[in-house]
Amino acid sequence: MSEAKEKKAAYKPLKQKLTKTYLKRYWQLYALLALPLIYLAVFKYLPMRYIVLAFKEYKLNMPLRDMPWANVRGETDIFKYFKQAFGNVDFKRALWNTLKLNLLDLIMGFPAPIIFALILNELCFKKFKKVVQTIAYMPHFLSWVIIASLCSQLFAPTDGLINSLITQLGGEAIPFLDDPSHWVGTYVGAGVWQSFGWGSIIYLAAIAGINTELYEAASVDGAGRFRKMWHITLPGIKPTIVVLLIMNLGYIMGGGFERPWAMKNNLVIEVAEVISTYVYKVGIQGLKISLTTAVGLFQSVVGLFFLLAANTISRKLGERGIW
Amino acid sequence: MKVKSTQAKIGDWIFVLLCVIISIICVVPMVNLAAKSLSGTEFLIRHDVYLWPKGFNLDAYKTVLADAKYQRAFIWTAVLTLICTLLSLTMTALCAYPLIFPGLKGRGVINVFITITMFFNAGTIPNYLLMNDLGLLENPLVLIIPSCLSVYNMIIMRSFFYGIPDSLRESAEIDGASFVQILMKIYIPLSKPVFASLALFYAVGRWNGYGDALMYIKTNKQYFPLQLLLYNILNNVNAVEVAAQEGFNQPGLKDSLKCATVMFATVPILLIYPWLQRYFIAGVTMGAVKE
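In order, the protein sequences belong to chains P and H.
The letter at position 201 of the first sequence is residue 201 when you use the numbering used here, and the numbering goes up by one with no holes.
The letter at position 11 of the second sequence is residue 11 when you use the numbering used here, and the numbering goes up by one with no holes.
Isolated chain H, as found in the complex (with noise of 0.2 Å):
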C-alpha cells in the first residue's frame, strides 16, 4: 500500500464530512417526526419539541393503535400488498418467460404489443370509463387488478433470464423437459434475487400507492388502503368525521397523534428495505442494461 499525502487524507474527511451531512438531511424529517410522536402534549403546544422528544410517553401511539380504523386499514392493506406482490410476480414472470425463446414465432409482434403500452396511456378518464364497464368502482379488486403488471418490471425480469446460460436450457430441453417444467425447475430458483427485487418494488408501490384508490373507491370506506386514510386525516378531508374522534380535537394531541399515524405507516417498510439493500441494487441496475 501507498501512503497517502496528508492532504489526501484530509480530501478523504471531507468527502466522509459531506456524507454526514447528506445522511443527515435524509434522517432530520423522520426524526423529527418521531420525535413529536413521542412528546407530551404540553410540549407539542409551546411548539418546543425538534429532535428529541419531551415528556416521552407512548399515549399517541396507543390511541393509534387501539383505534380499530388504523388496525382495520393496515392489516387490510397488508393483505392487499401480499396478494399484490405474489400475483404481480406470477403475471411478470409468465409474461418475461416465454419472450426469451428465439423461436417463439410472433414474437416480435409480441414485443411490439407489449411495448406500446409503455409509451402511450389511453388517460385518466377512460381508464375510469374502463374500471366502471367492468364493475370495478368501489370494488377492491380494483386495488389489485389493473395493477398487477408492470411492463417496466417485466423487462428487468426478462434481462435477467437473459443472462441465465442457454445450455441450461437446452440440455434439459434435450433430455424432455417440457417448457413449464424448465420455468419451475431451472428459470424460477435462479432468479432469486430478480423475485427479490421486483418484489419489493411491487410491495413497496401498493403499500404507498394511494391514487387508485382515491380515484375508484369513494363510498367504500372500509377498501381505503392505509395512506388514504392517512391522506384523508393528515389534510382533513371529512373534518366532521375527524373532530369527532378521540383527541383530535385537542392541539397538542393532534400533532402528535397525526406523527404517530405517519410513523405506523412508514416503520413496516423501513424495517423491511435495508435487508433488501443486494437485491434492489441488482434489480435497479439490471432496469438500466436492458436489452
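With the rest of the complex left out, here is chain P (with noise of 0.2 Å):
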C-alpha cells in the first residue's frame, strides 16, 4: 500500500511536466475545436434549458425561472400540458398520423433501393448503369417544395398527365390528393420516388464488397441468375439491410418538417397533420408555447428511446451498433 503511495507521490512532478508538455503540443487542438464545441454548445445544449417549460406556465417577458409551475386554478400540477396534450383530439391525430405514415414509408421506401440495386447489380452494360444511376439520384436533389408542386402537375384531378392517361383508357379519374386516403399513398409514393436511387448506393457499395469468387464458383455449380441473388447478393448484403432497417425503426417517432407541410392541403388535414406541423402551428403560429414543449419533449423521449432500443436489438444480433 505505502510503496504504491509513494510511487504515486514521485510520479506527481513527472505527472505535472507532462502537462506542461502536452499542453505545449496540444493547445492547437483545443483551439481548433472551441468554435464547433461552442456551437453545439449554444444551439444544441442551451435550448435545453427551455424544455422546462412544458413543466410551467409560459410568460411573456418574464425570465424563465419566475415563471410559476404548471397549475389548474392554483393547484400545481406539472404534467398538466401533457395531459392537455393528451386530452386534445389534433394532438392524439397528428401522433398517429406521424406513426402511420412514418411506418408506411418504412414498409414501402425500405424494400424500394435493395430492389433497386438488385436491379443494377444485374446489368451489364457499364456506360447504360451509370446512367440509370445518374437519373435515380436525381430526385433526392429536389426540394419538398418542387416535389409537391411536381405532384399537383402530375395528379391534378383533371388535366394531369395520370389522371388524363387513366380517363383515356377507360377508367375513372382517381383524386390522389383531394382524397384522404389517396393522398397517403401519393404521399409514401413520393417518399419512395424521392428516395429509393438514393438509399440504394449503400447496398451497391456493400454488393461491390462481396467476393467475386462467389459468383463464378456458383456459376461453375450452374446457378442461375435468381439463385445467386438469393444465396449470394442478399447474404452478403445482409448486415447493411439489419443495420439500416433497425436505425430506420428507431426513428419511427421522428420525422421532418418540410416534407409533409410542403405535400399538404386543406382537403386532407386529417391525414396530413403530423407532430411538426402540429408544434408549428399551434406553437409558433399560435403561440402556445408549453403545450407545444410538452409536445415536442414527448417526441424527444419517445424517439430516444426507439433509437436506444434499436441499438440494443442491433449489437444483440451481433451487427455493429448505429454508433
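Rather than coming from a laboratory, the hints here were simulated on the basis of the structure.
Any given hint might turn out to be false.
[Stated by the list, open to error] Listed next, the in silico BS3-like pairs over lysine-lysine satisfying Cα-Cα at most 27 Å (straight line):
hint, chain 1, residue 1, chain 2, residue 2
1, P, Lys-264, H, Lys-192
2, P, Lys-127, H, Lys-185
3, H, Lys-69, H, Lys-221
4, P, Lys-238, P, Lys-288
5, P, Lys-126, P, Lys-228
6, H, Lys-185, P, Lys-129
7, H, Lys-185, H, Lys-105
8, P, Lys-126, P, Lys-288
9, P, Lys-288, P, Lys-59
10, P, Lys-129, H, Lys-9
11, P, Lys-281, P, Lys-100
12, P, Lys-130, H, Lys-105
13, H, Lys-218, P, Lys-59
14, P, Lys-92, P, Lys-228
15, H, Lys-69, P, Lys-24
16, P, Lys-228, H, Lys-9
17, P, Lys-126, H, Lys-192
[Claimed, not checked] Simulated restraints, written as ranges between beta carbons of each label pair:
hint, chain 1, residue 1, chain 2, residue 2, range
18, P, Pro-235, H, Asp-133, 18 to 28 Å
19, P, Ile-210, H, Ile-24, 41 to 51 Å
20, P, Gly-256, H, Leu-141, 14 to 24 Å
21, P, Arg-73, H, Glu-138, 34 to 44 Å
[To be verified] With the C-beta cut set under 8 Å, the calculated list includes, among others, these residues of chain P facing chain H:
hint, residue
22, Leu-29
23, Leu-33
24, Ile-38
25, Leu-40
26, Phe-43
27, Leu-46
28, Glu-122
29, Tyr-137
30, Ser-143
31, Gln-153
32, Pro-157
33, Leu-234
34, Gly-296
We treat Cβ as the ideally placed atom computed from N, Cα and C, and that holds for glycine.
Put the two chains together into one complex; each comes in its own frame, and the hints tell you how they fit.
Put into C-alpha cells, the structure is as follows:
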C-alpha cells in the first residue's frame, strides 16, 4: 500500500511536467475544437433549458425561472400540459398520423432501394448502368416544395398527366391529392420516388464488397441468376440491411417538417397533420408555448427510447450498432 | 469469355427494360413540368400539354427572369448557399480533425458531448425561443449560423481522416510541423473527395431548405430563400399579392409561370450534381461505414 503511495508521489512532478509539455503540443487542437464545441453548446444544449417550459406556465417577457409551475386554478400540476396534449383530439391525430406515415414509409420505402440495387447489379452494360444511376439520384436533389408541385401537376384531378392517361384508357379519374386515403398513397409514393435511388448507393457499395469468386463458383455449380441473387448477393448485404432497418425503426417517431408541410393541403388535413406541423401551427403560429414544448419533449424522449432500443437490438443480433 | 445462353441474354434485356422503366418514372414528372413551362397559354387552358411542349415559347421564362423578385431571391439564395457551404465545411473540418488524435485528452468526453446532440433534440419551440434570445428572429444570420455544422457530416469527414495513414502525420510531426500545419498541408489536400461530397450535401441542404426561413423569418421578406418564395407562390399564400402580379390572374399563363418558376429553382442543382457523382457516392458510403 505505502509503496504504491510512494510511487504515486514520485510520479507527481513528472505528471505535471507532462501536462505542460502536453499542452504546449496539443493546445492547437483545443483551439480548433473551440468553435464547433461552442456552436454545439449554444445551439444544441442551450435550448434544452427551455424544456422546463413543458412543466411551467409560459409568460411573455418574464425570466424563465420566475414563470410559475404549471397549475390548474392555482393547484400545481406539472404534467398539466402533457395531460392537455393527450386529451387533445388534434394532437392525438397528429401522433397517430406521424406513426402511420412513418410506418408506411418504412414498409414501402425500405425495400425499394434494395430491389433497385439488385436490378442494377444485374446490368452488364457499364455505361448504361451509370446513366440509370445518375437519373435515379436526381429526385434526391429536389426540394419538397418542388416535389409537391411536381405532384400537383402530375396528379391534378382533370388535366394531370396520370389522370388524363387513366380517363383516356377508359378509367375513372383518381383523386390522388384531394382524397385523404389516396393522398397518403401519393405522399408515401413521393417519398419512395425521392429516396430509392439515393438509398441504393449503400447497398451497391455492399454488393461491390462481395467476393466475386463466390459468383464464379456458383456459376460452375450451375446456379442461375436468381439463385445467385438469393444465395450470394442477399446474404452478402444482409448486415447492411439489418443495420439500416433497425436504424429506420429507431426514427419511427421522428419526422421532418418540410415534407409534410409542402405536401399537405386543406382537403386532407385529417391525415396530413403530423407532430412537426402541429407544433409549428399551435406553437409558433398559435403561441401555445408550454403545450407544444411538452409535445416536443414527448416526441424527443420517445424518439430517443426507440433509437436506444434499436441500437441495443442491433448489438444483440451481433451486427454493429448505430454508433 | 464464356458464351451466354439465349435465356441469359433475354434475362439481361429484361433487366435493361426494368431500368428504362424506372428511369422514365424518375424523369417524367420533370419532363411534364418542363413541357408545361414551354407551352403556349391556349394549350394550357385546354389542358392539352403532357410530355412535349405545344405552342413552344419562352414567354414564361422571360416573365420569371425579368421579375425583380425572383432575381433577388435567386441571387440571395446563391450567396447564402455559398456562405453556408464554406462556413459549414470549415466548421466540420475544425471539429473532425482534432478528434482523430488518440493522444488528445478529453477526447472521450468530447465525443459523448457531440454524439448526444445527434440523438436528443430540444425541440422546435425551445429552438425558437433560443433564436429569439439571440436576436436571430427576422435576421438573415438565422439561415446561416444555426445550421452551420452537421454532426453526421462531421462523422463522415472524421472517418475519411482516419483513412489517411498515421505515418504521414507522424513523420510530419517529427519534422516539427504543428498540428495546424499538418491539417493544412496534409489532411485538407488529401481529402478533396470528402470535401466535394460534403460541400454538395451542405449546398443542396441550404438551396432546398425552407423550414427555418418559414419559422424564423416572417416580416423581412427580402430574406426569404427561393424555396420559401416558391412555396408561397405555389400555395397562394398572400393571395392578394400574388393576384396583383402580372400574369397570375390568367389561368393558362399562371400554370406555365408556376412551372417556369419551379424549373428556375431546380435547374442549377440538376446541372451540378451529375459532375459530383463520384464524390457523393464516396461520401454516402463512408457515412455507412463510420466507426
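What are the numbers of the hints that this structure violates, sorted from low to high?
1, 2, 4, 6, 8, 12, 14, 15, 18, 19, 24, 32 and 33
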